[in-house]
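Required output: the full structure, derived from the provided sequences and hints.
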Amino acid sequence: MIELRSIHKQFGTVKALQGVNLRVRPGSIHGIIGENGAGKSTLMKILTGFISRTSGTITFDGREISLKTPEEARSLGIGMLYQEPLDFPQLSVLDNFMAAAADGNPARQQQVLARLCEKFGFELKPKACQEKLTVGERQQVELMRLIRDKCKVLILDEPTTGISQEQQELLFEALKKLRDEGTAIILVSHKLAEIHSLCDRVTVLRHGKQAGEQERPFDEKGLLQAMFDTLPTKSSRPAQKKIGRPILRMDTVSTKAGRVGLHQVNVTINEGEMVGLAGLDGSGQSVFLQIAYGLLEPEQGRVSTPVAEKDVVMRVFLPADRLREGLIAGLTIREHHLLAGKSPFFLTAASGRTTAEQAINTYSIHGTPATTAERLSGGNQQRLLLSLIPEEARLILLEHPTRGLDVQSGQWTWQHLRAHLPENGAIVFASPDIEDIMEQAARVLVFFNGRILLDRPTDQTSYREVSLAITGRV
Amino acid sequence: MEISIAVLSAGIAASAAPLLLAALGETLTEKAGIINLSLDGTILLSAMTGFVIAARFDSLPAGFAAAAATGMLSSLVLVIISIYLGQSQVAVGFALTFLCRDLAYFLGAPFARTAGPQLSISPIPLLADLPFVGPILFHHSLVVYSSFLALPLAWFFIYHTPQGLILRCVGENPEGCWARGIRPRIVQAAYTLIGGALVGLAGAAFSLAIKPGWGRPQGCEGIGWIALALVIFGGWHPLRVALGAYLFGFLQMLGILLQDVFPTIPAQIFQVAPFPLMIFTLVLIHLGRNSKGKKLLLLRLLSGNAPGSLGKNYRQV
Amino acid sequence: MDSSASVSRAGSTLLQVIGIMILAAGAVCLLLIALDFSPTAIVGAMFSGSLTSWLKFSQTLSIWVPLLLCSCGLLFTFQAGLWNIGVEGQVVMGAIAATILLRLPETTLPPTLILIGSLTAACIGGSLWGILAGLLKNRGGVNEIFGGLGLNFVAQGIILYLIFGPWKRAGIASMSGTDIFARDLWLSMPAGWRVAPIALILAISVFLFSLLLLNRTRFGLRVKAVGINARAAQLFHIRPERYGLLAILIGGGMAGLAGGLQVIGVYHRLIPAVSSGYGYLGLLVVMLAGYKALPVPLITLFFAWLAAGSIQLPIMLQIDSSLSGVIQGACVLSALLVHGLRSVRQR
Chain P
20 MIELRSIHKQ FGTVKALQGV NLRVRPGSIH GIIGENGAGK STLMKILTGF ISRTSGTITF
80 DGREISLKTP EEARSLGIGM LYQEPLDFPQ LSVLDNFMAA AADGNPARQQ QVLARLCEKF
140 GFELKPKACQ EKLTVGERQQ VELMRLIRDK CKVLILDEPT TGISQEQQEL LFEALKKLRD
200 EGTAIILVSH KLAEIHSLCD RVTVLRHGKQ AGEQERPFDE KGLLQAMFDT LPTKSSRPAQ
260 KKIGRPILRM DTVSTKAGRV GLHQVNVTIN EGEMVGLAGL DGSGQSVFLQ IAYGLLEPEQ
320 GRVSTPVAEK DVVMRVFLPA DRLREGLIAG LTIREHHLLA GKSPFFLTAA SGRTTAEQAI
380 NTYSIHGTPA TTAERLSGGN QQRLLLSLIP EEARLILLEH PTRGLDVQSG QWTWQHLRAH
440 LPENGAIVFA SPDIEDIMEQ AARVLVFFNG RILLDRPTDQ TSYREVSLAI TGRV
Chain F
6 MEISIAVLSA GIAASAAPLL LAALGETLTE KAGIINLSLD GTILLSAMTG FVIAARFDSL
66 PAGFAAAAAT GMLSSLVLVI ISIYLGQSQV AVGFALTFLC RDLAYFLGAP FARTAGPQLS
126 ISPIPLLADL PFVGPILFHH SLVVYSSFLA LPLAWFFIYH TPQGLILRCV GENPEGCWAR
186 GIRPRIVQAA YTLIGGALVG LAGAAFSLAI KPGWGRPQGC EGIGWIALAL VIFGGWHPLR
246 VALGAYLFGF LQMLGILLQD VFPTIPAQIF QVAPFPLMIF TLVLIHLGRN SKGKKLLLLR
306 LLSGNAPGSL GKNYRQV
Chain R
3 MDSSASVSRA GSTLLQVIGI MILAAGAVCL LLIALDFSPT AIVGAMFSGS LTSWLKFSQT
63 LSIWVPLLLC SCGLLFTFQA GLWNIGVEGQ VVMGAIAATI LLRLPETTLP PTLILIGSLT
123 AACIGGSLWG ILAGLLKNRG GVNEIFGGLG LNFVAQGIIL YLIFGPWKRA GIASMSGTDI
183 FARDLWLSMP AGWRVAPIAL ILAISVFLFS LLLLNRTRFG LRVKAVGINA RAAQLFHIRP
243 ERYGLLAILI GGGMAGLAGG LQVIGVYHRL IPAVSSGYGY LGLLVVMLAG YKALPVPLIT
303 LFFAWLAAGS IQLPIMLQID SSLSGVIQGA CVLSALLVHG LRSVRQR
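One line per chain: the protein sequences are P, F and R, in this order. So the first sequence is residues 20 to 493, counted in our numbering. So the second sequence is residues 6 to 322, counted in our numbering. So the third sequence is residues 3 to 349, counted in our numbering.
A portion of the hints provided could be inaccurate.
Mimicking DSSO-like on lysine-lysine, the simulated pairs with C-alpha atoms at most 27 Å apart in a straight line are [said to hold, decoys possible]:
id: 1; chain 1: F; residue 1: K317; chain 2: P; residue 2: K151
id: 2; chain 1: F; residue 1: K317; chain 2: R; residue 2: K294
id: 3; chain 1: R; residue 1: K294; chain 2: P; residue 2: K361
The calculated label-pair distances, taken between Cβ atoms and stated as ranges, are [as the list claims (entries may be wrong)]:
id: 4; chain 1: P; residue 1: A389; chain 2: R; residue 2: I317; range: 49 to 55 Å
id: 5; chain 1: R; residue 1: T110; chain 2: F; residue 2: T269; range: 33 to 39 Å
id: 6; chain 1: R; residue 1: G28; chain 2: F; residue 2: L135; range: 55 to 61 Å
id: 7; chain 1: R; residue 1: G28; chain 2: F; residue 2: G224; range: 29 to 35 Å
Think of the hints as simulated: they come from the structure by calculation, not from any bench. Keep in mind that this is a model prediction, so the values were computed, not measured. Every residue gets a Cβ at the ideal spot worked out from N, C-alpha and C, and that includes glycine.
Here is the structure:
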């Protein structure tokens, strides 16, 4: 039995976990459910010693353990299957299986691998290169490695993201077998369906705090309510703007880029629309935005801007990882404005200062024109990015516009976007927050495994329908 | 004709030996994800210390040991400033290249053109008398034999031992190793030091065997860069790296031979020519490999990928 | 608040510089003492060898000119995030290109015109050589370090071929270079000077031009953006590959000019070692300057002084002149060490 008591974790000033308790019995599957950013992954990384906790105690079979390094977790029999498999892509399946194994004999290890494959119905070629495998197969390799090491506590982080239906069934069968053999399994998930079909008990996390706990049979409504903040009233949604001509069209667009790629996407975005992209992280929304902007070329299909020929559609893209992908660390607010706007060739220390000062006032950025981007807080970085959008922009693409922002900054961002939705343009944003989408967007596209599973005006769908579609149920 | 081919091959094997040692050392280091760019300087510095110590104590083993220690000391700087303090590997390696080079000239100046011991040829009894194969493989100095041995050993170690697997894993994904209970930075530091020791031995191989003596220039200048290029364009595989080293040895021998054939062309050209020829052969192979038509079997055989985290410093959380 | 922050930042920078200097000087002094050399005697010899007369100081300046030019060129490539190791080859190709015009058969063209032409050719030669490395990177995916290195070896091969082949000295070819150019094709140098005033003016102008272009133009800002974050730069409609190529074109041109000036103003002939390693030394300079333009003239002057002063060492104290390189390398490594310690402490 593993027990976590009052776990706290702080990253700088951000409180990722605030007093979480968890008890997992051997021979059971315990679900951890919550939104993106609820603290699930952080909690699991603490349990595997990958990161250290700020405070709190962990006991294993009644004995208190420090759990400071993965080495220690491993020797105790705690193993984790990471969402993005932490494996070695260029090495063979067998090498991946053998890495850091106690017994390094390839012939014996190959036998063990074959035996485990047979037991769980996996089909893996030991000599194949890990890189060539699907996410599901990579996961199988990792899973068998953990089983070989006699893992007593098995943690799975969103294991069904990006794997096929058959692989999912195999995985679930394997997990049930392991449970029956006495392993304690922790399943971190976003998807209610998985919790339903597998778990004996579930803990809900929200904003780093425990928001509920249930035994089987689960009350789905109760779980949803615990997962998300209370649903806002629909009246707050802005009046629908007039829908104009098409501004961006994707015809059967497919690509292998990203975690799950994009498959046969047909979408038309029209003038005056505010479109929200819902889905689990990495279900295709980000690839969709990058293709829409032109950072990625689709492998199949066509992206067109079907407005009049001479009519140029100016696009802007605000990525989720603002400092790494959107802003240039080391350059000041003034310099960002100089880069984004039409600046003269020769610059002085004063050029762009007025524009920057105006932007700082209008967008209430906490900084001076000489403040560099990396010194701004997350909210102010987002304000800076918003302030850089030129007036003539017609297609504004945003990835997680409120990620890492406090409530006020988030609200401010939405207000600003709504107010500045151009008459002849459109805004498309991806958000992990269903409420945000239902509240802000006029239309929602739900992504699941690289496909668009649902495409509806938000007033013709429900919170429940969207949240089910996110977990793959229509 | 048969004899001249044998002589040529023996010459190639001998002149490629130090290059091979250095390139294998760098292969080990880069397999762990660390670029040690300082090879050219480190070889020179350890060539100097190797020569000076061997001369001072009149002991060849002492010379080789001192050279290996010099190589490790130089790579220790990289270990500290890059692996543990997070500064750019390229920047540190580059500064180290020039520091080591000038340190070698500075410290070695009093010993330039002085007499010193030299590793003699030790033919292997019986085997050396074999026709054709004998002179190519068994009529060399210990340095050349050890290069013959180092190649299969490195290959076997990297691809067929548990430690070698950990080495490859760390270079590929240090985070994955951390999750499996391995400490990536210690592994990286270890292979940077081991690689440095081999590079140091390569330096001593020059000053005590292949181009005996110390002076300015010593004659091994530029070899470090060739070794680096060999590792990268040889796809981080010891056998392909060795192929490149022998190709370079061949080009150098060819230069010497052609010098006699074309006495009108100045000798300096033949001395320099192998360097650009080598680099551009490697670049051409690389270009051929990158082009979309990956049809040629030869090019496919030569292709190899960089370790996943090469050149990036791992930051432990 | 802002000014006090900038004062404290300046203070910490100063503290760092002092730390680096103490570390480097300390390490080198320890080495010298261990070797039973007197550091003070060495510093004294270097001072008296380089600062006691204008003639001696102008010797330092004659090294400062090519070093400053190379460093300025490298500022552009470093700002664009490129390791332009090909700078040595660019110096050599500049020198060769300059020599081509100077070796034209007797013409009626005024010498001044030929000199201007040959310096222009030097810039173009360096630029083209730089662009080659850039294209190898953009089109072929060849890392600029190895592309540049290969091109350095090629340039070395070409210059040797020319000196020992088509351009060989009347009589015998030798490492001492080509025939000396006609007197009217030398850069004029007042008596008692070791550096041509024109070369000084050119170097200072190139530095001011670099400062202007890097810090006071849209172009410089874009290059900087590409160097820091090529991915984000794309979102500002900047094409990273294009700016990388432009940076190497400018950098190559400046390195080429350095090569041309060495030929016209210093050696008055083409010699195999025309670059004297100033390109590589420039890399160390810019690294030590933290990739910023402003400290470059001072650091280059310091490095040039070390190089000029150390020439006296073998004669006066029987110490090898490569001591200057040891000090230069120690400075850069100390800087990296100090930055590293600081970044770890801030974490």
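Has the hinted range 49 to 55 Å been met by the Cβ atoms of A389 of chain P and I317 of chain R?
52 Å, holds
Would you mind confirming whether the straight-line C-alpha gap from K294 of chain R to K361 of chain P stays at or under 27 Å?
26 Å, holds
Are G28 of chain R and L135 of chain F spaced within 55 to 61 Å by their CB atoms?
59 Å, holds
Cβ separation of G28 of chain R and G224 of chain F, checked against the hinted range 29 to 35 Å
Between G28 of chain R and G224 of chain F, where Cβ atoms are some 34 Å apart, the hint holds.
Go ahead and decide if the range 33 to 39 Å is satisfied by the Cβ distance of T110 of chain R to T269 of chain F.
35 Å, holds
Hey, K317 of chain F versus K151 of chain P, does the alpha-carbon distance stay inside 27 Å?
Roughly 24 Å between the alpha carbons, so the hint for K317 of chain F and K151 of chain P holds.
Does the alpha-carbon distance linking K317 of chain F and K294 of chain R stay inside the 27 Å limit?
23 Å, holds
Hint compliance for this structure: no hint is broken.
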